[in-house]
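So the protein sequences, as listed, match chains B and R. For the first sequence, the numbering used here assigns the number 15 to the initial residue and increments by one for each residue that follows. For the second sequence, the numbering used here assigns the number 3 to the initial residue and increments by one for each residue that follows.
Since the hints were derived computationally from the structure, they do not count as laboratory data. Ideal Cβ placement from N, Cα and C applies to all residues, glycine included. Check before you lean on any hint, since a few could be wrong.
The following label-pair restraints were derived from C-beta to C-beta distances [claimed, not checked]:
1) R/Glu193 x B/Arg132: 29 to 37 angstroms
2) R/Pro148 x B/Asp123: 53 to 61 angstroms
3) B/Glu27 x R/Asp177: 39 to 47 angstroms
4) R/Asp177 x B/Glu169: 21 to 29 angstroms
5) R/Lys45 x B/Glu103: 53 to 61 angstroms
Chain R is nowhere near these chain B residues, computed Cβ spacing over 12 angstroms in every case [claimed, not checked]:
6) Thr25
7) Pro26
8) Asp52
9) Asp84
10) Leu90
11) Arg104
12) Ile162
13) Asp167
Derived list of chain R stretches under chain B, where covered just means 3 residues or more per stretch with a C-beta under 8 angstroms from a C-beta of chain B [stated by the list, open to error]:
14) 12-20
15) 44-54
16) 61-68
17) 87-96
18) 219-226
Residue strings, one per chain:
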Amino acid sequence: MLISPTSWTLTPEDEKALRRGMERLLRESSAHCALLVDRAGQLLAQAGERPAFDATTFATLTAADFSANDQLARLLGETDFTSLCHQGERGSMLVADVARRAILVVLFDSRTTLGLVRLRLRPTVEELARIVDAMASRDAQAGAQRAILAGADDEIDRLFQ
Amino acid sequence: MSMINYASREINCKLVYYGPGLGGKTTNLEHVYKKVSPSTRGKLISLATETERTLFFDFLPVDLGTIRGFKTRFHLYTVPGQVYYNASRKLILKGVDGVVFVADSQIDRMEANQESMQNLYDNMAEYGYDLTKMPFVIQYNKRDLPTAAPINELQAALNPGWEVTQAEKQRLSPDPYHAGEYLTSQIGSGEWIERATHFEAVAVTGEGVFDTLKAISKLVLKTLS
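Input sequences plus hints: build the corresponding full structure.
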């Protein structure tokens, strides 16, 4: 049987716990939107104002950007860059690593400062890292995600007829 | 990395189109983008040079339907084919669920195809992924060109098969896409080998593009069944 080399699951409880942590960060930092993206570019959770852009595309580009910067860090002799900041005239974004499994993106504008967002970011990253690590070890133990379509072979075949 | 999102009832999977430069990887995605209803696909993003050569990747998200109440969302990526962009290529393979190797059928591109295939195996191995155990299909593109090599030559060079050592897998397994052919078979020396499924294509006209996409998507979903 073929296997997928890596996979993980996100339950409604995981999503709620992640969102709660991100919402607290937004309240404390006055940033307006936060997105959590896995390292392969999939959007896991979002909090705050609904972004006007396509979140799927944004997640993909964020993951690629962060991965490219990871490699740049290694070329410079660093193990990684734990956070990156892109500053614009009206809006800015701060991107941080979460347990080497995900990336937290925080969008903010002139209602706050980079310093405040960065200050509030650290405890949030630690909290999210605990949740994400727990998700990964649960999936590694259970292998439950493999069976989600068990017995659905006919349905899969029909989908592609 | 397939991600099963019980909160939004979605299964997200990552497919990567790999292969030598100018082989037609981006053209595959462009055709899918053109033909799929805008309601079931997102934007086609291309990080390309000013001469439209892929610099980092192309990306297209597509919904392929619903199974067991879960929407199946496939994220299609291409990699830059040119040899010197290996760092970018490797990054895109992270978390991949299925690979399509787009080979250029032209005889004078045989060496480039082989180099790229070797590079794919090497990059996958660096992540600890085993291409022989995961969804993988080969597309022989540009079949319309007079300079295209015969399929059996391409198969011998790029898809010779890997040895099957597990006794329970040593049995004839028919190729669902080519009548009378087998994906797992015994060769003259008595050794059992397995090959990847292959498709012929002319990506510029769309021929074979959806057959390839359907086959790889199906293989990926079956890893969850």
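Violations among the numbered hints, reported as their numbers in ascending order: Hints 1, 5, 6, 7, 8, 9, 12, 13 contradicted; others consistent.
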